[in-house]
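Novice: Listed below are the residues making up each chain.
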Amino acid sequence: MDTLMNFLSALCLLVGALICVSGAVGVNRFNDFYTRMHAASVTDTLGAAFILIGLMLISDQFIVIAKLMIILLLGLIVGPTTSHVLAKAALKNGLKPNIPEQSRNDISKK
Amino acid sequence: MIIAATLAIFAAMALALARAVLGPSLYDRILAVNMFGTKTVLLIALLGFLMGRPEFLDIAIVYALINFISVIGVLRYSGSNAFKHENIADETIEQSASRSDKWTP
Amino acid sequence: MNIVLLTFLLIVAIAIIRTRDLFAVTMLLSIYGLLSASFFVTLDAVDVAFTEAAVGAGISGLLMLVAISITGRKEQSAKRKPFIALLVVSLTTLLLFYGISDMPYFGATDAPIHNHVAPRYIQDSMGEVGIPNIVTSVLATYRAFDTFGEVVVIFTAGIGVFALLSSSNAHSQAKNIIPDQNSMDKRHLVIRIVTKILFPFILLFALYVQFHGDFGPGGGFQAGVVFAAAVILYAMLFGMKEATKVFSQSLVQVVAAIGVLLYASVGVATLLLGGDFFDYNSLASDPIAGQHIGILVIELGVGCTVAAVMMIIFFSFNDLQEQPKADNNKEPEL
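Residue numbers (the numbering used here), protein chains in the order written: chain B, 1 to 110; chain E, 1001 to 1105; chain C, 2001 to 2334.
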């Protein structure tokens, strides 16, 4: 039982860390703000969830599990809200998305 | 395993920092700071486990809240005229393309 | 790990100096505060990391944001190169290095601070005061006088900001009532609902931090900042009118003063009961219980004052921002 928990936790931590790093790479490599926003918000929330679940599996006191659960809930509520708010602010203040020419013509033709 | 995860989070923080320093527009920087904040929350939780002190989790909760409040503050104060985004580089392309079709959200 | 964090700090510091856009500078300063908090965490200093995360990364960034939304976004370029200033700063740096080389090494076991002061606190704190968190016991009992000074300084800062910035309030009340345009529109429904859900939990967490300061990281300062952050969030999203319905200006000022008075009255009570100033042993029949009562009351005073002063500063800045620019609601055409 103990080694199973350790193995699952290591797996969760590994997956979470990979997701976080890929999100950070995506933020650097995409060339438009809105696509960067996709990379940042999705991978942030998911990676955080995996890492926190991984930490929950190897902790022994109940209070630690409870606090990790609170951080997880907070992250799940706050993360998507922040990205929504940021994208809305950027759109309202005039930052236009970088639509390439071909899709722009497709949209106009409908 | 926790050490490997901590190193990976460090790498992610370094990349987010690069975007915060470079980012051409203002909103790239805000995005990078937000991402840096959530990575710091994870880092503090991992460091707390590494050093065997579960009290660090209180700091993680506070930091998650403060990160949220900062980004909301940015939204609130970006409505003022000082922060209008200036699309200098691609003004003509936008103007020529948007005369015929309106991009509707 | 320390080297990595310090390198980050250095990169961020250089970026702060080189950037001209003040908004980006605020963002970078917030990252700087975060990095400092992580650094304190690696140094195993939990309370300091807590306060740095709450104040340096959150509230300072927010207040600076409000300030530059009033003043302007671009930094003015320097008119001439200040060579004399560079000379003075370099000279001071060299003198500081010379002075530091005399001090004992970081963590050396024969430094005076590790031989006299720290062991006494560490060994005797549990017996004399009876709470597990040594930082709180040092802050509240052994150094209660210094903490009193800190609280008075915070209170004075709040009064100073209020005195400087409230002279324009008289003008805004004399004019016609400007419609409450500094709140978010009803269209921002998502964030309003999320804030309404989160608000009681943030307040509860502030109270938890306040009263848990004896056993874990926390205490009055951190709790006050978290409380003020919750109220600032509400005020930002729902407008000043809604926020002042509950926390009116006069109430906040009175609470700030009450905090300092609570702290001082504990000291006076100990004087009246026969002990020294801030000697909590005389507050109850059992000295340990007296210590607990004393620490509880002064942390409450600190929390009240810090929360109230943060709110005063934010409300003063916010009132200053309401007056100009009546055409903010025009949405740019997409």
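These are computed hints drawn from the structure, not numbers from a lab.
Please note that the accuracy of each hint is not assured.
[What the hints assert, rightly or not] Covered stretches of chain B, going by a simulated chain E footprint (3 or more residues, C-beta under 8 angstroms):
1) 2–14
2) 18–29
3) 46–53
4) 64–72
Backbone N, C-alpha and C fix where the C-beta goes; we use that ideal spot for every residue, glycine too.
Novice: Each of the hints needs a verdict: does it hold here or not?
Specialist: Results for each hint:
no. : hint  : result
1   : 2–14  : holds (count 4)
2   : 18–29 : holds (count 8)
3   : 46–53 : holds (count 4)
4   : 64–72 : holds (count 5)
Checked against the numbered hints above, the structure breaks none of them.
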